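For the record, the sequence lines run as chains A, B and C. Here the first sequence is numbered in our numbering, starting from 7 and rising by one per residue. Here the second sequence is numbered in our numbering, starting from 1430 and rising by one per residue. Here the third sequence is numbered in our numbering, starting from 3 and rising by one per residue.
Rather than coming from a laboratory, the hints here were simulated on the basis of the structure. Just to be clear, a hint being listed does not mean it is correct.
Here are the simulated lysine to any residue pairs, SDA-like style, with alpha carbons at most 25 Å apart [what the hints assert, rightly or not]: (1) C/K132 to A/E143; (2) B/K1439 to A/H149; (3) C/K132 to B/I1696; (4) B/K1535 to C/L47; (5) A/K121 to C/L216; (6) B/K1448 to C/A56; (7) B/K1439 to A/G21; (8) A/K128 to C/Q229; (9) A/K132 to C/I234; (10) A/K121 to C/L152; (11) C/K132 to B/K1494; (12) B/K1535 to C/A56; (13) B/K1494 to C/L152; (14) C/K132 to C/Q227; (15) C/K132 to A/M105; (16) A/K128 to C/L47; (17) A/K201 to A/L228; (18) A/K132 to A/E143; (19) B/K1448 to C/L47.
All values derive from a computational prediction rather than experimental measurement.
What follows is the residue order along each chain.
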Amino acid sequence: MDAHIQVNNLNVYYGRQQALKDVNIEIPKKQITVIMGPSGCGKTTLLKTFNRFLELTDGAQITGEVLVDGENIYDREVDVTEVRKAVGLLAQRPSPLPMSIFDNIVYGMHIHRMKRDRREYKAAVKHYLEIAGLWDEVQKRLHDPATSLSIGQQQRLCLARGLAVEPEIILGDEPTSALDPISSQNIESRLLDLKQNYTTVIVTHTLRQARRLADYVIYMYLGEVIEAGPAKEVFTNPKHERTKQYLEGLF
Amino acid sequence: MGMRKKHLQKRHLVELFMKTIMRVSFVIVAGALGLILWTIISRGLPALTWDMVTQVPKGGYYMGKEGGILNAIIGSAYLATGGTILAILLSLPIALYLKAYLGDSKWGGCVRLSLDVLWGIPSVVYGAFGFALMIVFGLRASLLAGIIVLALIELPIMTRAMDEVIRRMPEDLEHAALALGSTKFEVALRVVTRQMLPGIVTAVLLAFGRGIGDAASVLFTAGYTDRISTSLMRPTASLPLAVFFQLGSPYPEVQQRGYAAALILTIIVLAVSLGSRWLSARLNKYTVK
Amino acid sequence: MSETYEILTIKSNEQAEGRFTRPSVAARTRQDRAARRAFFIITLLPVALIIIVAVALLIRAWPILSAYQLSDLLFSEVWKPGEGKFGFWPFILGTVWVTVVGVVLSVPACLLVSIYLAEYAHAATRTIAKPVLDLLAAIPPVVYGVWGLLAIVPFVDDVLAPLSDRWLGSISIFAVNQPTGFGILAGGIVLAVMIAPLIISVVYEVFSTVPNDLRHASLAVGATQWQTIRNIVLPQVMPGIIAAVVLGASRALGETIAVLMVVGNVPQIPTSIFDSAYPLPALIANNYGEMMSIPLYDAALLGAALVLLVVILIFNILSTMVLQRMLRRKWA
């Protein structure tokens, strides 16, 4: 397997409580990996270690390695902002920045000085809004506040904002859980479109969404990875008893 | 993929710079506290004697002869205790009413606004106000006048502090009590007061600390005397003014005693502040979070 | 024997019942209504008190306000109560100078500290910072004054004044005209420390109204923490910061004892931060004793208190309204 992210002996503690226990997994390149499991099993914690967001939680301690393209992102020499540039995040609730739609997309690019002039920024804004499937809806009102969009549109805006800094990996933390069914479907189809160019890791607690999206599946329970493998194998022929119970909807 | 640090990038230098000056500022502010305490202790301690806290000023005290400032210590205790009790009688009902009936209504906001504004009025203005009233009613400086003015100064501090704790009370607790058939008044009295006891104690001690340290208001209203006051209608000494007057003396011995008086005042105020912290931490164990 | 026993038990039963009987629903509702009315009257007190204070000062100051033009009182430079000359201008300027110096010294450090506590500091640092700020706020003004007298005045005299004289002496606001240490700078430094706990805690609270989602959205695209604060958080909290500074300034305007002890109390028009000044509160506090002996003197001093009150009321009402609106958003 061509692994994009490789996790070695990862342990996470919140104070004295252990949230992740000795996680060892690989996440394949340019596929959609779905992390699933009952709530409180550590899915989101695992996801947050991939862009070093866990550091923002007071009292979280991390041991072990997370390699992206063979480079440990927890190495002291690594710049955390470069990690987050390379690993984009789509949050559970859309969080438009308090500025215009246009400026939301420009924000990250401007932070990293990625474009030279306003013309380039304009072109980039159009490009990423198109990718997120939002261009047609907002092209006439680019300078309206981003909060004037509907929740579903806001989430696509956040997707475009994340893509604009040219990441290689997209993380999604239950990215459709706050959305209505149609908006959810819209986001899902975006993610499917994007997977040929990006490595995607999605956390979900709905099994059906996992079945729709996943190329590769990680099943977690109580902070441990119980089973990981290609979606077809895991869904049709789970090796582990717990995974089987979960897939049958026993809990 | 090149995630190694680019040390010389401008934004990282800015980050480092800001973080550094923030830490420096923090040390400066914390250091100021240390510096104040150190100054007061190092200058006050050598002049602090047993006589200071057990004697009243004797003949020639203000020229460096024997005596102490017991009159001021007791006077301040009277003033601050009286003012605090009076303030509790007014602020507890206001804070309870704000919670029980006004909530976040317009009038509630108006009352809170006026409390915050009262909080901001300097004590010298309260003192001048008290003085103006005293002229009208033909009163002399007295313990009672001092107590009333201190109560006015403490009122907004105490009420707002109580209001903050009372309105953060868990809603379920109130609803549970209402569901059991209590009227709003009973809810306010029983549940709120008991649940909020730690916060209320903290608020009271906060106001007491403010009251005992206030100088500008008692200067006008309570006067000063070398005797321990025995009547509400007579003037009384107070610690802040004992500090202030002795520092103004040309005699070095008297100035020294001013430093010692400042140390005594600081110790009292810090003890009240730390005590309220400790007390509310203890009492907090018994409340629903 | 057995009869007595019987009576006793009955009696005690009655007592017990009496204790547990609850008032009827109607009575309790009445009680509720009565309490509501009584409580309502008490809530009028804070609003009424502001008005009463202002009106009382106005009435007592009326003799001087009717005897002189307001602009003469405020902008005349001569203060000779014995000759009937009451010019507040030197005192107003003294107040402004001391307050401005105090605020200018205090605000940058306070902002940095509150940003540090709100955005960077670990939980452990925050638990240290809270008591430090509480203690700083608890120290009485007169103790600040003693500190100013013992530490700041000599520091200004021995260190700052010579330094300034050497390097900045040609700029008039840094010129050392009266080298005593007592003066605007000493007063400003003492005020800067005194208002710091207030500004820091208000700004900290304002920062905590910004939802974490916004910070995370910015960090997620690879912004540094300072970029996030600069671009996202600061614009959101700017009104609150301004309100906090105004609040601090109004606290500084009215500070009496601590300033009075270090500022020199010379009624003059200051031109440099090393000059002595005579702020309004110090004027009021210093002369309360003799004000009954000279005609109009008491009215003049209470008029000074009124001027102070009006300015502080305006500052306070504006800043409090902004803060109430911002901080309510957090609870909503």
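Outcome of the hint check:
1. C/K132 to A/E143: This hinted pair is violated, its Cα atoms lying about 49 Å apart.
2. B/K1439 to A/H149: violated, 29 Å
3. C/K132 to B/I1696: Holds. C/K132 to B/I1696 sits at ~19 Å (cutoff 25 Å).
4. B/K1535 to C/L47: holds, 16 Å
5. A/K121 to C/L216: holds, 24 Å
6. B/K1448 to C/A56: With Cα atoms ~46 Å apart, B/K1448 and C/A56 exceed 25 Å; violated.
7. B/K1439 to A/G21: violated, 35 Å
8. A/K128 to C/Q229: holds, 22 Å
9. A/K132 to C/I234: Holds - the C-alpha atoms of C/I234 and A/K132 are around 23 Å apart, at most 25 Å.
10. A/K121 to C/L152: violated, 58 Å
11. C/K132 to B/K1494: Measuring from Cα to Cα gives roughly 43 Å; hence the hint is violated.
12. B/K1535 to C/A56: holds, 24 Å
13. B/K1494 to C/L152: holds, 23 Å
14. C/K132 to C/Q227: Measuring from Cα to Cα gives roughly 23 Å; hence the hint holds.
15. C/K132 to A/M105: violated, 34 Å
16. A/K128 to C/L47: Violated, at roughly 59 Å.
17. A/K201 to A/L228: violated, 29 Å
18. A/K132 to A/E143: Since the Cα atoms of A/K132 and A/E143 sit roughly 12 Å apart, the hinted pair holds (cutoff 25 Å).
19. B/K1448 to C/L47: Answer violated: B/K1448 to C/L47 is near 46 Å, above 25 Å.
Violated hints for the displayed structure, listed by number in ascending order: 1, 2, 6, 7, 10, 11, 15, 16, 17 and 19.
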